[in-house]
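A.B. asks: Produce the entire structure from the sequences given, and follow the hints as far as they go.
Below are the chains, spelled out letter by letter.
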Amino acid sequence: MALQPLYDRLLVKRLEEGEQQSEGGIIIPDTAKEKPQQASVLAVGKGRITEDGNVQPVEVKVGDKVVFSKYAGTEVKVDGDDLLVIREDDVLGVIE
Amino acid sequence: MALQPLYDRLLVKRLEEGEQQSEGGIIIPDTAKEKPQQASVLAVGKGRITEDGNVQPVEVKVGDKVVFSKYAGTEVKVDGDDLLVIREDDVLGVIE
Amino acid sequence: MALQPLYDRLLVKRLEEGEQQSEGGIIIPDTAKEKPQQASVLAVGKGRITEDGNVQPVEVKVGDKVVFSKYAGTEVKVDGDDLLVIREDDVLGVIE
Amino acid sequence: MALQPLYDRLLVKRLEEGEQQSEGGIIIPDTAKEKPQQASVLAVGKGRITEDGNVQPVEVKVGDKVVFSKYAGTEVKVDGDDLLVIREDDVLGVIE
Amino acid sequence: MALQPLYDRLLVKRLEEGEQQSEGGIIIPDTAKEKPQQASVLAVGKGRITEDGNVQPVEVKVGDKVVFSKYAGTEVKVDGDDLLVIREDDVLGVIE
Amino acid sequence: MALQPLYDRLLVKRLEEGEQQSEGGIIIPDTAKEKPQQASVLAVGKGRITEDGNVQPVEVKVGDKVVFSKYAGTEVKVDGDDLLVIREDDVLGVIE
Amino acid sequence: MALQPLYDRLLVKRLEEGEQQSEGGIIIPDTAKEKPQQASVLAVGKGRITEDGNVQPVEVKVGDKVVFSKYAGTEVKVDGDDLLVIREDDVLGVIE
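Chains as they are written, first to last, in my numbering: chain A, 1 to 96; chain B, 1 to 96; chain C, 1 to 96; chain D, 1 to 96; chain E, 1 to 96; chain F, 1 to 96; chain G, 1 to 96.
No lab work stands behind these hints, which were simulated from the structure alone.
Bear in mind the structure is a predicted one, so any value in this text is a computation, not a measurement.
Among the hints, erroneous ones may be present.
[Stated by the list, open to error] Derived pair list, reagent style DSS-like, types lysine-lysine, alpha-carbon separation capped at 25 Å:
| id | chain 1 | residue 1 | chain 2 | residue 2 |
| --- | --- | --- | --- | --- |
| 1 | B | Lys-13 | C | Lys-70 |
| 2 | D | Lys-77 | D | Lys-46 |
| 3 | G | Lys-77 | G | Lys-46 |
| 4 | E | Lys-46 | F | Lys-77 |
| 5 | D | Lys-70 | C | Lys-70 |
| 6 | D | Lys-77 | D | Lys-13 |
| 7 | C | Lys-13 | D | Lys-70 |
| 8 | G | Lys-70 | A | Lys-61 |
| 9 | A | Lys-77 | A | Lys-61 |
| 10 | A | Lys-77 | B | Lys-13 |
| 11 | A | Lys-46 | A | Lys-70 |
| 12 | G | Lys-13 | G | Lys-46 |
| 13 | F | Lys-77 | G | Lys-13 |
| 14 | B | Lys-70 | A | Lys-77 |
| 15 | F | Lys-77 | G | Lys-61 |
| 16 | A | Lys-46 | A | Lys-13 |
| 17 | C | Lys-46 | D | Lys-46 |
| 18 | E | Lys-46 | D | Lys-46 |
| 19 | F | Lys-77 | F | Lys-46 |
| 20 | B | Lys-46 | A | Lys-13 |
| 21 | A | Lys-70 | G | Lys-13 |
| 22 | E | Lys-46 | D | Lys-77 |
| 23 | C | Lys-13 | C | Lys-46 |
| 24 | G | Lys-77 | A | Lys-13 |
| 25 | E | Lys-61 | E | Lys-77 |
| 26 | C | Lys-46 | D | Lys-61 |
| 27 | D | Lys-77 | D | Lys-61 |
| 28 | E | Lys-77 | F | Lys-77 |
| 29 | B | Lys-46 | C | Lys-77 |
| 30 | B | Lys-13 | B | Lys-70 |
| 31 | F | Lys-70 | E | Lys-46 |
| 32 | D | Lys-13 | E | Lys-70 |
| 33 | G | Lys-46 | A | Lys-46 |
[To be verified] So the derived label-pair ranges between C-beta atoms look like this:
| id | chain 1 | residue 1 | chain 2 | residue 2 | range |
| --- | --- | --- | --- | --- | --- |
| 34 | C | Gly-63 | E | Asn-54 | 21 to 29 Å |
| 35 | C | Gly-63 | E | Lys-61 | 44 to 52 Å |
| 36 | A | Glu-75 | D | Lys-77 | 35 to 43 Å |
Where a beta carbon is used, it is the ideal one built from N, C-alpha and C, also for glycine.
C.D. replies: Dropping the structure here:
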């Protein structure tokens, strides 16, 4: 069972502390012990609708590892997994 | 008797706790005992009017199961049923 | 004597408790003893002017029964009748 | 000596209590003893300039009797008369 | 030495109490002893730039006497004169 | 070494008290002993990008003396000089 | 391992106190002992998407030294380096 995000939203799963170290060495300094802002993209919406009705596809792709703003998104549990739905605009960058 | 939502609004009925478990296994973690944010779509508006007067149809369809932002919408009682009118922009994703 | 609403405004008359029960069975749960948000549409404006100067007619018609957001509109008394002027965007849906 | 309102502004004179009763029977319930929101239109601006530079004429005409939002406008005294300059968007409707 | 206002700004000089009485009989009721909101226009900007890059000239002309919103503008002293720089949108109307 | 402002930003140097008196006789009344809002323009950005991607050049030129809003801009020190980066929209007018 | 910023975002590394002195002599006066606002650009997004769906490339290039607004951006650690992701609009100017 999956959750298909709408428009410019992304379904992401946070990368655990360990995963982050090995994966990309990109961690957000834990000024306060907050949840890591790195995640892996599980599903993407079709994109934002511009004022003249065209679809502006999202740039982020399924499988990308991304860094995103601290307080972004809404938490959802899908098949027992703790996931997050964020807007593409919350994404700071893609880990290469 | 029905309620036809206007423009980009949706008429939805919350999925009860049980329904959510079996249906899609998608529940919003109850940080506070809030009402579940999963619902079934009963009716949809024709869509948002863009600045140049065109209708931007909604993507969500009648019968879809959706996850939506916690504090979204206005509660209405229709023929004894507790329903909710939300905006399409409140929808995080469609359960597949 | 009548009051012709301007642009995207509507002149409506609240449906009394009784009327609501029989009419459409749609009542807004009285979390707080607020005024019912169902009304009958008495007059409509010609519609909103879009940025390029076109008129975007309102969708709601005279005679429609509508459900609208709780704190919407300005109260006016016309020929002794307690009426309300609301914006079309305050309308959640049309009772069918 | 007159005051020519600019763009989408209107110069109006409040209808006194008495005038309102006979004129249109439209009074705004005095929840608090506020100034009546009915007025007669003395002068109108040429209209709002849309984003692409066109003039969007005002719909309200000189001589119209209008109902407008409670706290709208700026008071001005012209030749001893207490008048008000409001925006067309403050007008709820025209009394017919 | 002069000050050429930019875009949709106007350089104005307040009309003194006396000037107002004789000139146009238009005074803003001094609910609180505020500075009079009538002024004479000394210089105007070339106009606002619309979104598609065109210049939308100001309607107000040098020499006009205007009434403007109470708290508008920034005070400047030019060659010993106390003047004010306001936006055209702060002008309620032109005294004719 | 110079600082090239971006888009609609300007690099300016405040005119000292003395410079202001002789230069243009334009001083902002020191209601509170604030820093003078007159400055000389050292560098300008290429201009604002409009919604359809065109460059809207700034009107202010290098060498102009300008009056600007009191609390505008960010202070920077370049080669020991105390300078300010402001937006063109903060400029009230150009001293002629 | 790198972090590719999205759209109009930039990945930058702060210039240390020493680097600033020699590099461009541009320091932001430390009214309060805040982090220096000068940085070197390590990576740039493809640019902002305008309303009609075109890409508006960023003006700032990799290798530029920039001055940016004090409280801008989100801190990220990449391969042990303390970096910052800011928006191009936070950049006051490019050090030449």
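A.B. asks: Tell me, which hint numbers fail for this structure?
C.D. replies: 4, 8, 20, 22, 28, 29, 34 and 36
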